[in-house]
Amino acid sequence: MKKLVVILLLAVTGYYLGDSFMDLGKNGPVVETGVKDFYLEKTVSELKVANTITSIIVNFRGFDTLGEVTVLFLAATALGGILYKKRHHVGERSVLFPSSPIVRAGSKLLFPAIVLLGVYVFVHGHLSPGGGFQGGTIVATGFLLMLLAYDNFSVSHNVLSFIESFAGIFFVLFGFAGMWMGGTFLENFLPVGTMNDLFSGGIIPIVYILVGFKVAAELTGLIYTVLNEKET
Amino acid sequence: MMFIILVFFLIILMVGAAIYAIVQKDLLYAVIATGVISLILSALFLLLQAPDVALTEAAIGVALTTIIFIITIRNTVRHEDDFKDRDDLKSAVK
Numbered sequence: 001m002k003k004l005v006v007i008l009l010l011a012v013t014g015y016y017l018g019d020s021f022m023d024l025g026k027n028g029p030v031v032e033t034g035v036k037d038f039y040l041e042k043t044v045s046e047l048k049v050a051n052t053i054t055s056i057i058v059n060f061r062g063f064d065t066l067g068e069v070t071v072l073f074l075a076a077t078a079l080g081g082i083l084y085k086k087r088h089h090v091g092e093r094s095v096l097f098p099s100s101p102i103v104r105a106g107s108k109l110l111f112p113a114i115v116l117l118g119v120y121v122f123v124h125g126h127l128s129p130g131g132g133f134q135g136g137t138i139v140a141t142g143f144l145l146m147l148l149a150y151d152n153f154s155v156s157h158n159v160l161s162f163i164e165s166f167a168g169i170f171f172v173l174f175g176f177a178g179m180w181m182g183g184t185f186l187e188n189f190l191p192v193g194t195m196n197d198l199f200s201g202g203i204i205p206i207v208y209i210l211v212g213f214k215v216a217a218e219l220t221g222l223i224y225t226v227l228n229e230k231e232t
Numbered sequence: 001m002m003f004i005i006l007v008f009f010l011i012i013l014m015v016g017a018a019i020y021a022i023v024q025k026d027l028l029y030a031v032i033a034t035g036v037i038s039l040i041l042s043a044l045f046l047l048l049q050a051p052d053v054a055l056t057e058a059a060i061g062v063a064l065t066t067i068i069f070i071i072t073i074r075n076t077v078r079h080e081d082d083f084k085d086r087d088d089l090k091s092a093v094k
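Chains as they are written, first to last, in our numbering: chain C, 1 to 232; chain S, 1 to 94.
Don't take each hint at face value.
Claimed, not checked - Cβ-Cβ distance ranges computed for the label pairs, FRET-style:
{"id": "1", "chain 1": "S", "residue 1": "ASN75", "chain 2": "C", "residue 2": "ASN196", "range": "42 to 52 angstroms"}
{"id": "2", "chain 1": "S", "residue 1": "GLN49", "chain 2": "C", "residue 2": "GLY67", "range": "22 to 32 angstroms"}
{"id": "3", "chain 1": "C", "residue 1": "LYS3", "chain 2": "S", "residue 2": "GLU80", "range": "38 to 48 angstroms"}
Simulated from the structure, these hints should not be mistaken for lab results. None of these values were measured; they are calculated from a predicted model. A virtual CB, placed ideally from N, CA and C, is assigned to each residue, including glycine.
Could you build the full structure based on these sequences and the hints that come with them?
So, in structure tokens, the structure goes:
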């Protein structure tokens, strides 16, 4: 009975999703040349964003980005699920040999610089190459360095999953706020400011900062899970 | 012209590294070779005016994937000849 209800609900949702996706882009501004001219023109005139790729990824194709972030989340969750049984001794990493003092001092020195570079990349995602995904990965690389150099360096899974869920929920909330204010998912509803300013581009920097935090938390958790995997 | 020569040189290096990764029996060297492929690919992306993709490739391909493979090798076996079938692999795992 319960399964029947679930199947029925899924069928209804699938029908409506399919129905609405069939109409997608029918009454939009699609012209004979495709959408590239529309994107290139609107990026400068309406969104005032210097990096066209960012405006496409976060604003025009924001729904796709949500899908990508979900894929990454599912991959991290699946890996954690597979390795979960073996993860009894959290915090006891199996190391072949302890790292040398030079490596320890060097990674302590490099860690803040790497994290700062990652934060710079995702905060300036709308101005320079890069963005949330790239910046988040760079931050995760910094944590990877610390995890490899110090065998007692640990990150809290609770904090990581909190950051992850917080960023994900706020991404979706910003999308729905755009729907509520403007009409489409992730439509810009904040003032765009002047071009090439740090505070410009409406919701694009905010969404990219959220994506950056989410990706950094996910990848750090993934590495931590793999590193702490102990054989029975 | 110089640009095309440079791009082709990098592509040939990439193919060479890929072949090395396949024929190498020491899996650690093979993983390093795949990291080299990602590094050259990221340089190629930069040359072909795609800095966003180059950043992603550099962070994911060179750092994260390589490290995860190295951790896996540390927990299993290093040489390809050390195991012949599944049971052998299971017993080789520490």
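Each hint, compared with the structure:
1. S:ASN75 <-> C:ASN196: 42 to 52 angstroms: 49 angstroms, holds
2. S:GLN49 <-> C:GLY67: 22 to 32 angstroms: Taking Cβ atoms as reference, GLN49 of chain S and GLY67 of chain C lie about 26 angstroms apart, which means the hint holds.
3. C:LYS3 <-> S:GLU80: 38 to 48 angstroms: 46 angstroms, holds
When held up to the earlier numbered hints, the structure conflicts with none and fits them all.
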